[in-house]
Structure formats: C-alpha cells, structure tokens
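K.L.:
Okay, here's what each chain looks like letter by letter:
Protein chains: 2
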Amino acid sequence: MALIVQKFGGSSVADAERIMNVADIITDTYKKGNDVIVVVSAQGDTTDDLIKKAKEINQDPSKREMDVLLSSGEQISIALLAMAIEKLGYPVVSLLGWQAGFNTNSTYGAARIKKIKTDRLINEIGRKNIVIVAGFQGLCKYDDVTTLGRGGSDSSAVAIAAALHADRCQIFTDVEGVYTADPRKVKNVSRLDEITYDEMLELATLGAQVLNNRSVEIAKKYNVKLEVLSSITRVPGTIVREAVKMEKMFIRGVTKDTNVARISLIEVPDVPGIAFKIFSRLAAKKINVDIILQSVGRDNTKDIAFTVSKDNAADAVALFEGSDLLKGAKIKCDTDIAKVSVVGAGMESHPGTAATMFEALFNVDINIQMISTSEIKISVLIDKDEADKAVAAVHAAFFPEE
Amino acid sequence: MALIVQKFGGSSVADAERIMNVADIITDTYKKGNDVIVVVSAQGDTTDDLIKKAKEINQDPSKREMDVLLSSGEQISIALLAMAIEKLGYPVVSLLGWQAGFNTNSTYGAARIKKIKTDRLINEIGRKNIVIVAGFQGLCKYDDVTTLGRGGSDSSAVAIAAALHADRCQIFTDVEGVYTADPRKVKNVSRLDEITYDEMLELATLGAQVLNNRSVEIAKKYNVKLEVLSSITRVPGTIVREAVKMEKMFIRGVTKDTNVARISLIEVPDVPGIAFKIFSRLAAKKINVDIILQSVGRDNTKDIAFTVSKDNAADAVALFEGSDLLKGAKIKCDTDIAKVSVVGAGMESHPGTAATMFEALFNVDINIQMISTSEIKISVLIDKDEADKAVAAVHAAFFPEE
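Chains D and V supply the protein sequences, listed in that same order. So the first sequence is numbered by this note's numbering: it starts at 1 and just counts up by one. So the second sequence is numbered by this note's numbering: it starts at 1 and just counts up by one.
This is chain D alone, in the form it adopts within the complex:
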C-alpha cells in the first residue's frame, strides 16, 4: 500500500467521457489498496472562456478579482470528477485549494505556495476517501483566494506529494512521457524511461511543455519521485528523479521555445556599471532574462542584447524607452525568433556536443543569432520560421535512425 498523488490537466477532464476515463484510472489505483490524492485543473477551455468574460467588462481587472473568477474553473472540475467516482461506487471527497490547506503568498495571479496545512488531507485519507483537490489555487494571509499562475496544478500536485511524503507523484498528460523531442513534430523520437530533475528542469524551462518548471524545482528540493505518463494508453511513463547512474545516452532531448523575444540596446554608453543598472532595473520589475550577449565596446558605446519571454517584451522595452540611463541608445525588439536547445547531464563529459549541434544547423543553412550554454544544455537563438527544421536536424544528428 502506498500514497499516490495523481495530477490530470484540463484536456484530461474536458468532457463527461474523459472525466469517466480519469475516474477509471483513479479507482484502479485505489482498488489496488493505495491511498490516492488527485489534483485537477479546470476543464479544457474554461480558463480562456472566463478571461474572455472578464475582458468584456473590464480590460484591466484587478488580479485579486481575476483570481476569484479563475479559481471557479477548478471548483467545477473537482466536483464533476468526484461525482464520476461516486458513480463508480467509491468513497470520495473534493476539496478546494483553501480546504486542502494551500497557504500562498499574496501575489495574486502568480502566487507561490508557502505551506500546506495537511490536517484535512490526512483526515480524509484516514477515512479512506479518494481526495480530489483543486489545483492552481490557494489562500493568502488576507484570507483571499489566490492562483498560482498557468501550469500551477503541477506545482499543487508535487507540493502535496512533498508535504505528505507520497510514494509517487504521477503527472498524466496526452503523451506517454518525456521524449527526446516533441513526438507530434519530430520523427524517430524515443521515450525516456528515466531523467534527472536537473535535465527535466532544463527541458521544462526550454519549452518542452510536459511539466511546469516550478513543479520540478519543488520535486527536486523535496526529492519527490515524479512520473510523467499518458492518461490514454496506461503504460509506464518517464520517471523523474535524482541521478543514480549515468546512462549511455548523454543527450536527453531537443526542444524549441518560441515564447521568446530579443531586446537589443544599441550604442549604449560604455560606462562602468551600465550592465548592472540595466539588469537590476529588469529584476526590480520581476522580468526574467535568459540569454545575454554584450558586444565589445567601440567609440565609447557597446551593444547589449538579451532575451525575455514574449509577454514581458513590452514591459522590458518600456523600462528603457526615453530613459536617461541609455543616453539615446537605440532599442530594438524582435519576436520572430526561437530558442532551440539540446539537454543532457552527460553532456559535460562529452566534448563536441556543441560542434555536433552547430554542424547540424549549418548543414541545413540555419543562421545562429545567439548562443547560451550551461553544464547540461546548449541553446541557440534562430529565426522562428526555421525552428521546426532546426529541431529535426539537431535531433537527427544526436539520435540517428537505427
């Protein structure tokens, strides 16, 4: 007997039929003698529909009221899923974020989980109930409902697994696990049986869209054994855990991310501390910067370019437009770009990874605009239109057809 936390996303509970399918998976797990806590997201397009309703009334509603509105989405899905499990004849109870004990900070719209008060969860499990928890939401110190931001249901599930020392946290998706590249786009991809937290983190950050990266961070910190698997095929998925042995394969996967914008500050005065001032100003606005490139100075000026996520691009530009700091430097913002990356913990002991990647891109005539590397990944910035071609070429170079 084990304690298993399962998470199902919005597409898994989009209609009555899919909800019954999810109820089957849950009760199969419960029947085997396990305690089961389930985290669900809002159904299908509910969140988008609610945002549309809000915008009809107010283009710029407060984040507090937006959280009240959006958290109703999970409320509907937990109730419907609980009803499906009732129909199958199993004991079940649904809990909203605040009932499940989720305490967050008060950053409405993008709250961080501070603590889970586990009394109610433990109590319901003790009564042999299957517990259905609304993901993505919690309660702040002002007794207000908060949401964790998009993808927050993954974090909700991992946080419960961490707080209750669950034996496993299963994240159900529409693919069978983590692949060497997006199986919907690239041919000859392989599913990984295992991957480390760090590798998964790089993949998540780089737009693999299988797991929200915040959830992987929590899993790593509390050593939660994660499994990414399909809600359709019912075969074992990919296990995410601490590295135990180094496998033969040194590259885990190839990903692309098109949610990226490059801001170029051209002819910035070349004075001491200018880079510090630029990036601390971005940090103060909580804008995350990814790749940074600084040219060699010339004529007492230099060029500084950096990438941010697309939704931060306008804010980032606004920070510098007409600013005294840059003394008339030109500002350019480019959103027609994509970031393509290879990830793998074995990379650092395999020289030539970068060379292989760059050669593959050169062979298909793709120009590299920026480069960034870490111990376990190499990313390049290229033209957006060439992203899929780039992923296919790089994947073929590292995973030749057998």
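Read the hints as simulated data drawn from the structure, not as lab findings. Mixed in with the good hints, there may be bad ones.
The list makes no distinction among identical chains, and a pair is therefore deemed to hold if it is satisfied within one copy or across any two copies.
What the hints assert, rightly or not - With a cut-off of at most 30 Å between alpha-carbon atoms, the simulated DSSO-like pairs for lysine-lysine come out as follows: (1) K32 to K330; (2) K53 to K87; (3) K285 to K87; (4) K332 to K286.
Given chain D's structure and the hints, the job is docking chain V onto it.
P.N.:
What follows is chain V alone, placed relative to chain D:
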C-alpha cells in the same frame, strides 16, 4: 449616511451589459455617502447549465459535491460585478460565502444560515470598500461549502442586513414591486406601496415569486426593512415592514401556485391515530404538507387527501405504497392542479371575503376541489388549466376597474 444591502438576481447579471447597469445602481448608492453591501446570484442560466453537466456524469450525485459545483456560479458573478465596479473607479472587494462569514448547518443543498461572523464584512466596510457577496452559499461545521437552495440569495441578503442592522435591504427584481396579482398575466393590477411581513409571507409561500419566503421570515424576525424594486426603472418599490396602520384596502393580492400535487389516500382504515401516523411519517421525511382534507368515515374507512409541492410528490407516494399502515387503501397522485389564493391582513375584519372569492369562481364555471383558510388568506385548489382564468376573475372581483 446609511448602510444599505442590495440584492440582484441572476437575470440582473446575465450579461456584460446588465452587469454594468447593476454596477451603476450600486455606485449611485455609494456616491450618496452610503455603505453598500451587495449580494448576487449566479448569472442567468449558469445553475441550470451546471446541473446539466453533472447529470451527464452522474444522475444522482451527492448533495455535497453538487454544492461544490453550484457555488461556483456565484463565484463567477461576484468577480465579474467587482470588475465592473473597478472599471467605474470605485473601491470594491468580492467575498465568497465563507469569506463573508456565512455559517450554516450541514444540510447540503438546502442549508439554513446559523450565524454570520461579521468581522470581515465590518472590516471591508470600514475600509470604505463596496462589498460584493456571493449569495446562496455558506460553510458548515465540517468546513464544507453548502448552498441554501434555490432563492437562497434573498435569504443571504436579509441575513446580512439583520446581522449588521442595515438601514434597508433592497431586493432588485424585474418588476417594480409587489402587485395585487402577477402584472405579466393579469390586467389592471396595482403596485402596493407597503405590505406587512405576514402578508408578504403568505404571498411568497403561495407562489408570487417576488421574494423567497425564508427571507421574509428572517426579515420579520429581525425587523429588517425590506424594499422590493426594479433594477431597470429606478423608481421606489414596495416596502415590506411591520404593520403600522391598517389601510383601507383589505386584500393585498391574488396569487397562483402550480407547483403543487395532491395525494389522495382512499379507503384508509378508520382507526384511532391513523392521521397522526400518516403525517408524522411525512414530517420525518421533511415533506411539508399544505392543505389537508379528511372525509367523514364510512364502512370503517375514510379518505384523506393532502397537498405537497410537486418535487415531493413521488417521495410522498413511495412512503405509503404497499405500506401496512394503510391496509390496502388506494393511493392517487394528481399534479394537474393549481392553488389560487387571496391574501390580506384586513381580511379577518371583513366578512364575506370567502363568499366574494367563491362567487367569482362560480361565475366563470370553475370547480373548487379543496379549500384552506388562515387569518390572512383563503386558498382554493382548482384544475391547473383554469388557474389563470381564476386569478383574473378573483382579481376583478376584489379590484374592480376604476
């Protein structure tokens, strides 16, 4: 400066335009220097849509999960209304039932308000916020969300007005107040400027559908000054309060109720205590009985007939079918009936009210099946198809065209 509680029903917040209209009414009241607490229902058909979703999954879901599901409806409407008020530039905060301090018993689906913990409401009012409260919902001692049953938002509003000693509780509807009969069906009706709690109670119970009767009971108990008025025309409505003077008009109105079923138990053994046993069995199932009629005994049997609301009819029949108690008596259930009533506190001092009513019905050839009277009302049971004709005839008899 006064504290005013306002309640808006689902049709008043059905779409963005109507929500903006309601926001106008609220901020007009606030601008005049009043503290304003607003109670709203779920938008238009939201509740029915949610029930449909549930039934697709489970024909007989638990009431607990149904409450989790249905309470999301008000959650959406309070957030949208708060956003509309934000747009008009006024300080506002939305509160769910449990945030507003609504403690109820744990009769899921039809919970009773036990107490309102007013701390948060008082705090928000003190900060000069317009407060938008989700009607129809509360929290029971198990920390579970409960709903008050249909029409519960009226009770929510009156309960807040009672708990905070509000100067007035305004119930906004799609009519301009309380009329001598349904203005959508009967000609020459008059709007009442004032009506007593008791009269309103009889009208509410009898299906006038202006105010939920539970809310009138609370208003009477705590002496809350109620006003029923239109959210469209912005003219004074009908004030509901304790009788202060007896007015000339002795009949307040004529109503019909078609949500009624008659159960007839025919040839019941005529033994002592049989009526007690029948009605205590109904009471144990919490089935309210309205009119009761018992025939004179004959051949050691008698007939007992009573009316219940339509949704209780099947349960009531099931209680007696094949029951030892009745020893082979026949059971009949008739739902093609309607109850038509005249209500007025002046009735008892005006002999001949019953005669006037019966004569009006006789003149249009309507057969009376059962009769029930109280100090302030006379009800008759008639064929359902003749209900509208009966209301028109009785109304014309008491309120002749001028």
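K.L.:
Determine for every hint whether it applies to the structure shown.
P.N.:
Results for each hint:
1. K32 to K330: neither (64 Å within a copy, 51 Å between copies)
2. K53 to K87: Between copies, since 14 Å is at most 30 Å while 32 Å is not.
3. K285 to K87: Result: close only across copies, 24 Å inter versus 49 Å intra.
4. K332 to K286: within (20 Å within a copy, 72 Å between copies)
Of the numbered hints stated above, the single one contradicted by the structure is hint 1.
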